[in-house]
Structures are given as C-alpha cells and as structure tokens.
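Generate coordinates for the entire structure from the input sequences, incorporating the hints supplied.
Residue numbers (our numbering), protein chains in the order written: chain A, 42 to 288; chain B, 49 to 714.
Please note that the accuracy of each hint is not assured.
[Claimed, not checked] DSS-like cross-link-like pairs, simulated, lysine-lysine; straight-line CA separation at most 30 angstroms: (1) A:Lys187 <-> B:Lys159; (2) A:Lys192 <-> B:Lys159; (3) B:Lys450 <-> A:Lys187; (4) A:Lys132 <-> B:Lys580; (5) B:Lys325 <-> B:Lys601; (6) A:Lys43 <-> B:Lys580; (7) B:Lys709 <-> B:Lys698; (8) B:Lys81 <-> B:Lys174; (9) A:Lys278 <-> A:Lys187; (10) A:Lys132 <-> A:Lys192; (11) A:Lys88 <-> B:Lys610; (12) A:Lys132 <-> B:Lys376; (13) A:Lys192 <-> B:Lys450; (14) B:Lys450 <-> B:Lys376; (15) B:Lys610 <-> B:Lys698; (16) B:Lys382 <-> B:Lys325; (17) A:Lys43 <-> A:Lys132; (18) A:Lys187 <-> A:Lys241; (19) A:Lys88 <-> B:Lys376; (20) B:Lys556 <-> B:Lys325; (21) B:Lys382 <-> B:Lys369; (22) B:Lys709 <-> B:Lys325; (23) B:Lys159 <-> B:Lys450; (24) B:Lys580 <-> B:Lys610; (25) B:Lys556 <-> B:Lys81; (26) B:Lys159 <-> B:Lys698; (27) B:Lys78 <-> B:Lys580.
[Stated by the list, open to error] Sample of chain B residues facing chain A (criterion: CB under 10 angstroms; computed from the structure): (28) Gln137; (29) Gly346; (30) Thr353; (31) Ile461.
No wet-lab data here; the hints were simulated from the structure.
Beta carbons: idealized from backbone N, C-alpha and C, even for Gly.
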Amino acid sequence: MKITLQVWRQDGPQDPGGLHGYQLDEVSEDMSFLEMLDVLNEDLILKGEEPVAFDSDCREGICGMCGLMINGQAHGPEVTTTCQLHMRTFKDGDTITVEPWRADAFPVLKDLVVDRSAFDRIIAAGGFVSVNTGAAPDAHAVPVPKDDADKAFASAACIGCGACVAACPNASGMLFMGAKVTHLGLLPQGQPERDARVVKMVSQHDHEGFGGCTNIGECAGACPKEIPLDVISTLNKDLRTAMRHGR
Amino acid sequence: MTDTLSPETLENAGIAHGLYRDGEAIADTKAPKVEVQDRWRTRQFEAALVNPANRRKLTVIVVGSGLAGGAASATLGEAGYNVKTFCYQDSPRRAHSIAAQGGINAAKNYKEDGDSVYRLFYDTVKGGDFRSRESNVYRLAEVSASIIDQCVAQGVPFAREYGGLLDNRSFGGVQVSRTFYARGQTGQQLLIGAYQALERQVAAGSVEMHTRHEMLELVVVDGRARGVIVRDMVTGEVETHLADAVVLASGGYGNVFYLSTNAMGCNVTATWRAHRKGAYFSNPCYTQIHPTCIPVSGEHQSKLTLMSESLRNDGRIWVPKNREDCDKDPREIKEEDRDYYLERIYPAFGNLVPRDIASRQAKNVCDEGRGVGPVVGDFRRGVYLDFAEVIGRQGQAWVAEKYGNLFDMYQRITGENPYEVPMRIYPAVHYTMGGLWVDYDLQSSIPGLFVAGEANFSDHGANRLGASALMQGLADGYFVLPNTIRDYLSHGPYPTVTETHDDVVAAKTSVDDRLRTLLSINGERTVDSFHKELGHVMWEYCGMERSETGLLKAIDLIRGLKDEFWRNVRVLGAADTLNQSLEKAGRVADLIELGELMCIDALHRRESCGGHFREESQTEEGEALRDDVNFAYVAAWEFGGDDGAPVLHKEDLVFDYVHLKQRSYK
Ligand SMILES: Cc1cc2nc3c(=O)[nH]c(=O)nc-3n(C[C@H](O)[C@H](O)[C@H](O)COP(=O)(O)OP(=O)(O)OC[C@H]3O[C@@H](n4cnc5c(N)ncnc54)[C@H](O)[C@@H]3O)c2cc1C
Ligand code: SF4
Ligand code: FES
Numbered sequence: 042m043k044i045t046l047q048v049w050r051q052d053g054p055q056d057p058g059g060l061h062g063y064q065l066d067e068v069s070e071d072m073s074f075l076e077m078l079d080v081l082n083e084d085l086i087l088k089g090e091e092p093v094a095f096d097s098d099c100r101e102g103i104c105g106m107c108g109l110m111i112n113g114q115a116h117g118p119e120v121t122t123t124c125q126l127h128m129r130t131f132k133d134g135d136t137i138t139v140e141p142w143r144a145d146a147f148p149v150l151k152d153l154v155v156d157r158s159a160f161d162r163i164i165a166a167g168g169f170v171s172v173n174t175g176a177a178p179d180a181h182a183v184p185v186p187k188d189d190a191d192k193a194f195a196s197a198a199c200i201g202c203g204a205c206v207a208a209c210p211n212a213s214g215m216l217f218m219g220a221k222v223t224h225l226g227l228l229p230q231g232q233p234e235r236d237a238r239v240v241k242m243v244s245q246h247d248h249e250g251f252g253g254c255t256n257i258g259e260c261a262g263a264c265p266k267e268i269p270l271d272v273i274s275t276l277n278k279d280l281r282t283a284m285r286h287g288r
Numbered sequence: 049m050t051d052t053l054s055p056e057t058l059e060n061a062g063i064a065h066g067l068y069r070d071g072e073a074i075a076d077t078k079a080p081k082v083e084v085q086d087r088w089r090t091r092q093f094e095a096a097l098v099n100p101a102n103r104r105k106l107t108v109i110v111v112g113s114g115l116a117g118g119a120a121s122a123t124l125g126e127a128g129y130n131v132k133t134f135c136y137q138d139s140p141r142r143a144h145s146i147a148a149q150g151g152i153n154a155a156k157n158y159k160e161d162g163d164s165v166y167r168l169f170y171d172t173v174k175g176g177d178f179r180s181r182e183s184n185v186y187r188l189a190e191v192s193a194s195i196i197d198q199c200v201a202q203g204v205p206f207a208r209e210y211g212g213l214l215d216n217r218s219f220g221g222v223q224v225s226r227t228f229y230a231r232g233q234t235g236q237q238l239l240i241g242a243y244q245a246l247e248r249q250v251a252a253g254s255v256e257m258h259t260r261h262e263m264l265e266l267v268v269v270d271g272r273a274r275g276v277i278v279r280d281m282v283t284g285e286v287e288t289h290l291a292d293a294v295v296l297a298s299g300g301y302g303n304v305f306y307l308s309t310n311a312m313g314c315n316v317t318a319t320w321r322a323h324r325k326g327a328y329f330s331n332p333c334y335t336q337i338h339p340t341c342i343p344v345s346g347e348h349q350s351k352l353t354l355m356s357e358s359l360r361n362d363g364r365i366w367v368p369k370n371r372e373d374c375d376k377d378p379r380e381i382k383e384e385d386r387d388y389y390l391e392r393i394y395p396a397f398g399n400l401v402p403r404d405i406a407s408r409q410a411k412n413v414c415d416e417g418r419g420v421g422p423v424v425g426d427f428r429r430g431v432y433l434d435f436a437e438v439i440g441r442q443g444q445a446w447v448a449e450k451y452g453n454l455f456d457m458y459q460r461i462t463g464e465n466p467y468e469v470p471m472r473i474y475p476a477v478h479y480t481m482g483g484l485w486v487d488y489d490l491q492s493s494i495p496g497l498f499v500a501g502e503a504n505f506s507d508h509g510a511n512r513l514g515a516s517a518l519m520q521g522l523a524d525g526y527f528v529l530p531n532t533i534r535d536y537l538s539h540g541p542y543p544t545v546t547e548t549h550d551d552v553v554a555a556k557t558s559v560d561d562r563l564r565t566l567l568s569i570n571g572e573r574t575v576d577s578f579h580k581e582l583g584h585v586m587w588e589y590c591g592m593e594r595s596e597t598g599l600l601k602a603i604d605l606i607r608g609l610k611d612e613f614w615r616n617v618r619v620l621g622a623a624d625t626l627n628q629s630l631e632k633a634g635r636v637a638d639l640i641e642l643g644e645l646m647c648i649d650a651l652h653r654r655e656s657c658g659g660h661f662r663e664e665s666q667t668e669e670g671e672a673l674r675d676d677v678n679f680a681y682v683a684a685w686e687f688g689g690d691d692g693a694p695v696l697h698k699e700d701l702v703f704d705y706v707h708l709k710q711r712s713y714k
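The following block contains the structure:
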C-alpha cells in the first residue's frame with residue numbers, strides 16, 4: 042500500500058512543533074502501526090533525517106507505553122492499543138495524521154512522546170493498599186466473593202496508557218482514577234483506606250492539571266481495556282461518602 | 049554418538065581454538081551446610097542485623113522496576129533504607145513483567161492434591177534438567193506460599209472460586225494444581241501490586257524513583273560496587289549515583305535474537321556492563337524457546353507474540369506429509385496427507401510434550417521443507433495448530449468460551465479467523481535462564497553487587513518450567529534480597545565515596561566517550577539493521593539446535609559484525625536530547641558482545657540440555673542427551689578484557705536430594 046503520513050514533529054517541550062508530510066510506498070497490511078513507523082524511521086535515518094520519536098515497549102497491548110492520536114482518535118480507529126492496530130485497517134492511498142496525546146497534564150517531550158508521570162503521582166497519593174512485606178495473613182484468611190474478584194479484575198485491567206485523557210475534551214483523568222478506586226474498593230483489603238484514598242487521589246489529579254469529568258463518555262469509548270464509564274460513578278460516590286465522613 | 053565424551057574431545061571444542069581459557073573452580077559458600085529444609089532459616093538467622101536508626105543512613109540503588117526490582121525497592125524502602133530505583137520506561141508500571149500471561153506457582157497445597165514445598169522443589173530441579181542449585185530452588189519453593197499471601201493483601205485480583213477462595217490450575221505438564229492466576233494477565237496484576245507498593249514508598253519518601261533513566265555503567269571502587277552511571281533519557285544528562293550497595297534487576301536478554309516475545313526495550317546493558325567490570329556471567333547460552341508463538345509474517349516484523357500454551361490442550365499440531373501441499377488451503381488437505389508429528393513421535397504425551405521438545409520438532413519439520421504460511425528467509429516457518437476436531441466435538445461456543453480472547457488476539461495480528469482456518473504457530477525465544485552469577489545471597493562476584501529476577505542465572509537450570517519466573521522475581525525481591533543485603537550492609541560502613549573519586553570519574557568519562565563515539569561514526573547502516581543481522585546469526589546457530597561447526601561460524605560472523613558496527617553504524621541527532629537511536633545503539637553494541645559469549649558458552653557445552661539441543665550429543669533415536677559426567681556444572685564466565693579470551697570458572701552442581709535422571713517423554 043501507499044500511505045501518506047502527516048506526523049507531528051516537535052524538537053522539545055519548548056519547541057512549537059508542527060506537522061510534516063512523509064510518503065511510504067511499500068506498507069504491508071500485516072504491519073502493526075508502530076512497525077509502519079519503524080519502516081519510516083529506517084528510511085529517514087538512511088536519508089540523514091532524524092527519526093520520529095515515539096514510545097512503545099511490549100508491542101502486545103499490555104504495557105500501556107504506546108499511544109498516538111491517529112486521525113484525531115486516541116490509539117486510532119479501532120478500540121485497541123496503537124501497537125495492536127494493524128495497517129489492514131487502512132486503505133491504499135490513505136493520508137493519516139499522527140499526533141501525540143494532547144493534555145496539559147501530559148507535556149510533549151519530543152515528537153510523539155509525552156510525559157505521563159502525573160499518573161504515577163496519582164497512584165502514589167493513595168492508589169495502594171498499605172501492607173508491609175511479610176506482614177500478610179494467609180491468602181485464604183479473607184474470602185472474596187467471585188463476583189467481586191471478577192469485577193475488581195475488570196477495573197484492574199487498566200494499563201495506564203492515557204488514551205482516556207487524550208480522548209476527553211476536558212483532558213480529565215477520571216476514568217483512569219476511577220478504575221483504581223473501583224478495583225481496590227471492591228476488595229476487603231482495600232476498605233480501611235477507602236475514604237482517604239479517593240480524597241488524596243482526586244486532590245492530586247486536580248493538582249496535576251487534569252480537567253473535571255462532565256460525563257461525555259469519550260474516555261470509555263477510547264479505552265483499549267474497555268474500562269466502563271461507571272467506574273467514574275463509583276469514584277464520585279466514594280468521594281461523597283468520604284466527604285460525609287468528614288475526610 | 050551416545051557415549052559421554054573423553055576429555056581430549058572436550059579440549060578441542062574451544063580451548064584449542066583459543067576462544068576461552070580455563071580458570072579456577074568456584075563454589076557457592078553462603079548456603080549453610082545443614083539439611084536443605086533448614087538452609088534458608090539458618091541463613092536468615094545468621095545474617096547480621098542493621099539497627100533501624102542506621103538504615104536511613106544507608107543507600108541502596110536498584111536498577112529495574114519489574115517484579116524483582118519493584119518488590120525489592122518497596123521492601124527495602126519499608127525497612128527504612130534510602131532507595132534509588134531506575135527504569136528506562138516512563139513509569140515503573142510498564143516493566144516487562146507486565147506481559148506474563150499464564151500464572152505463578154506456589155506450594156500452597158490448597159487443593160490437597162499432594163503438593164508440598166518438597167514437590168515444587170523436586171519438579172523445579174528436574175524441570176531445569178539438573179543444571180540449577182538445590183539450595184536456591186528449595187528456598188524458592190519455601191517462600192512461594194508467602195508470595196501469594198503478600199499479593200492478595202495488596203489487592204491483586206487473583207481468580208477465585210464461588211466460595212471466595214483462590215482458584216488454581218495446573219500448568220506446563222505438572223500433575224498438581226499449584227498455579228495461581230488472574231485471567232490471562234497474571235504478570236500485569238502482580239506487577240501492578242508491586243508498583244503500588246513501590247509508589248507508596250515514593251510518597252513516603254523512602255524510594256526515589258528515576259524513570260526514563262538508563263544505567264550505562266557500574267561504579268566499582270576498591271573492588272566493591274558503589275554506584276551507577278545513568279543517562280537521563282529526556283535531557284541526555286549523564287549522572288552519577290552512589291550508594292552502599294547496588295541491585296541489578298534489569299530482566300533478561302532474549303532480545304539478542306532480535307525477534308522474541310520480549311519487549312522492545314529489553315536489553316543486556318546493565319548486566320553486561322557489570323560483567324565487564326568483573327561480575328561473572330553464567331550459562332549465557334541457556335535460552336528458553338516457546339513453541340506456541342504467532343509466526344513471523346515478513347521482514348518488517350519487530351516482535352513475536354506468545355499464544356498461551358494452554359491451546360495445546362485442545363488443538364492438534366500438524367503439517368502436510370508432502371511438501372507440494374504446503375501452500376494449499378489447509379482445509380483441502382486430506383486427513384491421510386497430514387502428519388500429526390507430535391502424536392506420531394510421542395504417543396504418550398502427544399501435543400502436550402514439554403516446551404523444548406515441541407519447539408524442536410516444529411523446527412525440524414519446517415527445516416525439512418514441510419512448514420506452512422509465508423516463506424520467510426528461504427523457507428516456510430509455521431505449523432498448524434488445528435481446532436477443527438474439538439470444534440466438531442464440543443461446538444464453537446465451547447471453544448470460544450475457553451479460548452475466545454486468544455482467538456481474537458490471533459485474528460487481530462494475522463487477519464485470519466482461527467475458527468475457520470487452523471492457527472499457525474512457530475517457536476520463539478522467550479526467556480533467558482543465563483545471567484550474572486550469584487551466590488546464595490544473590491550477590492555477584494563483585495561484593496556489594498546483588499542481582500535479582502531474570503537478570504541472575506538463577507534457579508531455573510537449563511530450562512524453565514512455566515509459572516516459575518514470576519515466582520522467582522517476587523521471591524528475590526520481597527523475601528530474599530531484603531534479608532541478604534542487610535548482612536552485607538551490616539559489615540560496613542564502607543568508606544565514603546564521592547563523585548570526584550578517580551574510579552567514579554573514570555566510569556563517567558567512559559560513558560561520555562562511548563556516547564560521543566556512537567554519534568561520530570556516521571556510517572551507512574542503521575542500528576536496527578545490525579540488530580536484525582545479529583538476531584539472524586544467533587537464531588540460526590545458537591538457537592534451538594547447535595553444532596560445533598555452526599557455532600564456530602557464528603563466532604566469526606559476530607566478530608565481523610562487531611567490527612563493522614563500530615565503523616559503519618549511523619546514529620543521528622545529539623547526546624543532550626531524547627534520542628532513541630542512541631539508546632538502541634548502546635544496547636545493540638552490548639548485545640553483540642553478549643552474542644559472542646553465548647556462542648562460546650554453547651560451543652564448550654558439548655551436551656544437549658534443557659531447550660538447548662547439541663547435534664553432537666543425541667541418543668540413537670535423535671533425542672537430547674545430557675552428559676552429567678562432564679557437564680554437571682554452572683559455567684561462570686569472567687570477562688577476559690577487550691582482546692583476551694573469557695575465562696571459564698566451573699561451579700560443580702551437587703545433587704543430594706533429587707537424583708540425576710535422564711528425561712524421557714516417549
Ligand atoms: C510474553 C511473556 C509471558 C510470560 N509468561 C510468564 C508466566 O506466565 N509465568 C511466569 O512465571 N513467567 C512468565 N514470563 C517470564 C517473566 O515474565 C519474566 O521472566 C519476569 O517477569 C522478569 O522479571 P524481572 O523483574 O526480572 O525483569 P523485568 O520485568 O523485565 O524488569 C526489568 C526492569 O529493568 C529495567 N531496566 C533494564 N535495563 C535497564 C537499564 N540499563 N537501566 C535502567 N533500567 C533498566 C526495566 O526498565 C525494567 O524496569 C513471561 C515472559 C514473557 C515475555
Ligand atoms: S482507563 Fe483505559 S484509556 Fe484510561 S489509562 Fe486505563 S486503559 Fe488507558
Ligand atoms: S507497546 Fe505496550 S501496549 Fe503498546
């Protein structure tokens with residue numbers, strides 16, 4: 042296939058950046074989107090131009106490292122991670138625009154690479170169960186209903202990619218945060234810190250410059266792990282309860 | 049060729065070629081000389097304590113934030129040490145441990161099916177084809193149960209039964225149900241647990257996390273590991289970090305093969321740099337090949353994806369009997385023209401033979417020209433994994449319920465519908481059992497340098513059983529290191545080292561020089577093209593099947609490649625900015641050097657062992673033949689200098705509890 046790319050190039054955080062056009066003549070349908078960018082980069086290097094910087098690691102949809110805006114959609118036209126998007130989704134002759142995640146809380150570092158460390162700081166604020174190593178009771182001491190364990194698992198499946206933030210017109214991180222609050226809130230081990238957790242995480246979220254949720258739902262639509270919108274309701278409910286408890 | 053080899057033949061294999069030198073024997077002196085069941089408890093008791101008030105004054109550097117490094121950092125932070133942790137990704141949550149699918153073993157015996165610490169120990173030593181240490185493996189089995197307790201307490205959502213208790217499954221040919229799992233994402237859930245524990249310590253101020261920082265050199269002062277030189281991958285700044293002890297938990301080096309199931313960033317740099325500074329590298333040639341991966345589709349491919357091994361429970365593996373049929377639609381090939389080769393050769397185990405055997409037979413039929421799928425290189429590299437029979441017997445819905453997510457994943461990657469056309473699979477490099485040599489305390493041959501997880505040569509011997517790498521990473525990080533490092537630290541304080549110390553300055557200068565050199569070569573080939581070529585050589589000659597002539601050829605090719613790399617690589621851009629080609633270039637340069645050592649190690653080990661089949665050592669029926677008389681040892685390689693041959697130190701393996709026995713699956 043022949044593909045025309047419009048790729049966002051930006052030298053560093055201070056550089057204004059802009060779109061640059063590239064032409065690829067031999068794209069195979071079996072390539073993943075990132076492998077297509079690899080091919081572009083090999084061409085660029087041989088021509089003496091600096092390759093396009095983008096993040097990826099596992100390339101199997103689980104580490105959450107990859108993430109691009111493709112034709113204005115987070116991760117691209119299919120609901121999957123960018124590394125699992127294949128070129129057979131596109132047609133011969135297509136022009137594709139590739140940009141980095143856009144959000145104040147995710148500053149661009151170079152080209153398509155953004156800084157998502159705000160997510161780590163939200164987790165550090167309270168997204169854990171406080172238990173020191175070696176202090177744990179036998180795993181069977183506290184049974185967990187299968188239903189709860191399954192639901193907790195579904196929320197825990199979030200890979201921290203940031204597509205929800207990129208897709209949201211308010212650049213809100215509520216889906217990401219709601220997934221964690223729901224995961225730990227469903228388990229008996231997560232109860233003692235439940236109130237404190239949500240208050241601290243939300244306050245860190247706001248402090249990082251993420252926007253508020255206005256229930257548009259773009260986040261859940263773009264999430265490659267299909268985290269449902271109702272984790273945000275759980276988050277809000279937990280927040281109200283914590284307020285009531287005067288935390 | 050079924051006899052064990054005479055010493056003269058062995059001589060010819062490497063020393064005669066000047067490829068290596070013999071060094072003194074070594075031994076692990078830290079495991080207490082008591083019964084295997086009592087060793088860990090004794091060692092913990094004997095290891096000296098560090099007063100809590102003094103811990104704050106001690107700094108430990110941890111390179112890596114996967115299961116091993118993340119768990120170690122969190123636990124050392126809790127204990128009150130000052131911890132500095134580094135990883136090359138943008139977040140510690142993305143370490144490659146995240147990709148593990150199947151599960152984690154633990155001797156909980158929750159099923160009352162006869163499991164015990166002793167049985168897990170026994171299975172693991174045997175599964176490793178008798179090339180691991182009894183002491184270490186016993187300890188691994190012993191602490192396994194606490195790992196599950198710890199992870200559950202952290203909120204890891206393991207699969208549960210309706211009664212609310214944890215569910216188990218059996219995995220990888222084991223006869224008891226001891227594998228704990230969280231759907232197909234066990235590694236992810238365990239890593240998130242360790243990551244959350246780590247972030248808790250970050251908030252508490254005991255762990256300082258440095259993401260997007262790559263370790264490029266080890267600092268050794270007066271024979272002790274005292275720090276690391278890292279590059280800030282965003283600003284390009286080369287920084288010095290000093291400490292009282294250093295832990296490397298930087299993962300495996302499967303990417304030496306270019307195509308593997310590993311993440312793109314996996315590399316050998318941290319351990320290789322330490323090796324060059326004096327840490328012995330053990331059993332580098334031990335690679336695990338996984339039989340059920342999605343095959344290569346073309347030259348552009350950057351990685352291989354694992355399909356869960358559980359598929360072999362219901363899928364039947366076959367290739368056409370006749371080469372002429374290889375490009376036909378498989379559904380049109382008549383039953384009598386199909387060769388269900390595993391069922392034919394191993395009637396007792398059939399499609400469920402162990403990983404190494406399934407892998408090797410797949411390679412054999414493809415080498416014979418009976419492979420299927422696209423031609424890659426000069427032949428077809430794929431075999432069918434066919435579900436038609438089970439779909440006929442149980443219905444599509446049953447299969448979808450059990451394997452639906454895997455079928456979807458396969459379809460997404462290949463564009464083919466596996467409910468209609470058989471899947472194609474091929475073996476791929478998956479895990480490396482070799483790594484830095486460590487003693488029972490997980491200390492390398494450099495005092496103060498500890499190594500954990502896949503980065504050490506560890507507990508898996510020549511072959512790793514499924515669900516045991518996660519167990520080892522967490523055992524090392526949560527339970528072993530925190531106990532053994534304190535013994536080392538309690539023998540301090542070690543003299544204060546500053547950034548102006550000659551050895552520190554020299555380490556930093558060497559990093560600066562190397563970066564500058566890489567940028568100045570400005571040759572004609574990309575870093576990736578070197579990496580691909582290296583991978584090709586490694587797979588062909590040091591992959592599943594090895595021979596003396598092949599390995600000698602590979603060593604020549606790799607030396608040529610190394611020479612060309614330093615003359616002809618093209619790395620654009622600058623050092624003081626985010627520069628991904630520069631990062632890759634440094635890693636590939638180290639992988640090339642490692643590749644040579646892997647071939648030398650494979651050459652000298654003239655026996656078939658684990659996933660490593662040596663053409664010169666097979667039974668009359670063509671099965672792998674281990675040689676315990678000559679090779680029941682760990683090969684620990686000492687760096688011989690840039691122009692010198694590496695030095696081979698042997699650590700004899702002693703089996704007092706599990707008796708040496710040849711494997712048989714016929
Ligand atoms: C697809 C797949 C499936 C698997 N399934 C299973 C399974 O079901 N069960 C099982 O037991 N095992 C499984 N394994 C194996 C297991 O996942 C790994 O062996 C294990 O997770 C390794 O953990 P680790 O902590 O040693 O290293 P990793 O998780 O690889 O972590 C390495 C860390 O080191 C850092 N690092 C590396 N180099 C540097 C450097 N130079 N500077 C700074 N930081 C550096 C990285 O950033 C990372 O944080 C699987 C492996 C793969 C690839
Ligand atoms: S909620 Fe979904 S989109 Fe958001 S970070 Fe998690 S996986 Fe990515
Ligand atoms: S590279 Fe890991 S999710 Fe895409």
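Consistency of the hints with the structure:
With a CA separation close to 17 angstroms, the supplied pair Lys187 (chain A) and Lys159 (chain B) stays within the 30 angstroms bound. Between Lys192 (chain A) and Lys159 (chain B) the CA atoms are separated by roughly 24 angstroms; this keeps the pair inside 30 angstroms, and the hint holds. With a C-alpha separation of about 18 angstroms, the suggested pairing of Lys450 (chain B) with Lys187 (chain A) holds against the 30 angstroms cut-off. Restraint check: the Cα-Cα separation between Lys132 (chain A) and Lys580 (chain B) comes to about 29 angstroms, which is no more than 30 angstroms; the hinted pair holds.
With a CA separation close to 28 angstroms, the supplied pair Lys325 (chain B) and Lys601 (chain B) stays within the 30 angstroms bound. Proposed proximity of Lys43 (chain A) and Lys580 (chain B) is supported: the alpha carbons are some 25 angstroms apart, at most 30 angstroms. The straight-line distance between the Cα atoms of Lys709 (chain B) and Lys698 (chain B) is roughly 21 angstroms, inside the 30 angstroms bound, and the hint therefore holds. Note on Lys81 (chain B) and Lys174 (chain B): the hinted pairing holds, with a Cα-Cα distance of about 22 angstroms set against a maximum of 30 angstroms.
A C-alpha spacing of about 23 angstroms is found between Lys278 (chain A) and Lys187 (chain A), which places the hinted pair at or below 30 angstroms, so the restraint holds. Annotation: proposed proximity of Lys132 (chain A) to Lys192 (chain A) is violated, straight-line Cα distance about 38 angstroms (limit 30 angstroms). Taking the CA atoms of Lys88 (chain A) and Lys610 (chain B), the gap is about 23 angstroms. The hint holds against a cut of 30 angstroms. Taken as a hint, the Lys132 (chain A) and Lys376 (chain B) pair is honoured in the structure, with Cα atoms around 27 angstroms apart against an allowance of 30 angstroms.
With a CA separation close to 19 angstroms, the supplied pair Lys192 (chain A) and Lys450 (chain B) stays within the 30 angstroms bound. The suggested pairing of Lys450 (chain B) with Lys376 (chain B) holds, with an alpha-carbon distance near 29 angstroms, which does not exceed 30 angstroms. Taking the CA atoms of Lys610 (chain B) and Lys698 (chain B), the gap is about 28 angstroms. The hint holds against a cut of 30 angstroms. For the given pair, Lys382 (chain B) sits about 60 angstroms from Lys325 (chain B) by alpha-carbon distance, which is inconsistent with the 30 angstroms threshold.
Of the pairs offered as hints, the one joining Lys43 (chain A) and Lys132 (chain A) holds, with about 8 angstroms between alpha carbons and a cut-off of 30 angstroms not exceeded. This hinted pair checks out: Lys187 (chain A) and Lys241 (chain A) have alpha carbons roughly 29 angstroms apart, not beyond 30 angstroms. Among the hinted pairs, Lys88 (chain A) with Lys376 (chain B) is inconsistent with the structure: their alpha-carbon atoms are about 41 angstroms apart, more than 30 angstroms. For the hint linking Lys556 (chain B) to Lys325 (chain B), the alpha-carbon distance of about 14 angstroms falls within 30 angstroms, and the restraint holds.
Using a Cα cut-off of 30 angstroms, the hinted pair Lys382 (chain B) and Lys369 (chain B) holds, with the two alpha carbons roughly 10 angstroms apart. For a cut-off of 30 angstroms, the pair hint linking Lys709 (chain B) to Lys325 (chain B) is broken: about 38 angstroms separates their Cα positions. Between Lys159 (chain B) and Lys450 (chain B), the direct Cα distance comes to roughly 22 angstroms. Compliance with the 30 angstroms bound is thereby established for this hinted pair. Only pairs whose Cα atoms come within 30 angstroms are accepted, and Lys580 (chain B) paired with Lys610 (chain B) is accepted, the gap being roughly 13 angstroms.
Pair hint Lys556 (chain B) plus Lys81 (chain B) does not hold up; C-alpha atoms about 42 angstroms apart against a cutoff of 30 angstroms. Of the supplied pair hints, the one linking Lys159 (chain B) and Lys698 (chain B) is violated, its CA atoms being roughly 41 angstroms apart against a limit of 30 angstroms. Proximity of Lys78 (chain B) to Lys580 (chain B) is assessed by CA-CA distance (about 41 angstroms); at most 30 angstroms being required, the pair is judged violated. Among the interface hints, the one on Gln137 (chain B) holds; its C-beta lies about 6 angstroms from the nearest C-beta in chain A, closer than the 10 angstroms criterion.
The criterion of a C-beta within 10 angstroms of any C-beta in chain A is met by Gly346 (chain B), whose closest approach is roughly 6 angstroms, and the hint holds. Because the closest C-beta pair between Thr353 (chain B) and chain A is about 5 angstroms apart, less than 10 angstroms, the hint holds. Hint status for Ile461 (chain B) relative to chain A: holds, with the closest Cβ pair at about 7 angstroms, below 10 angstroms.
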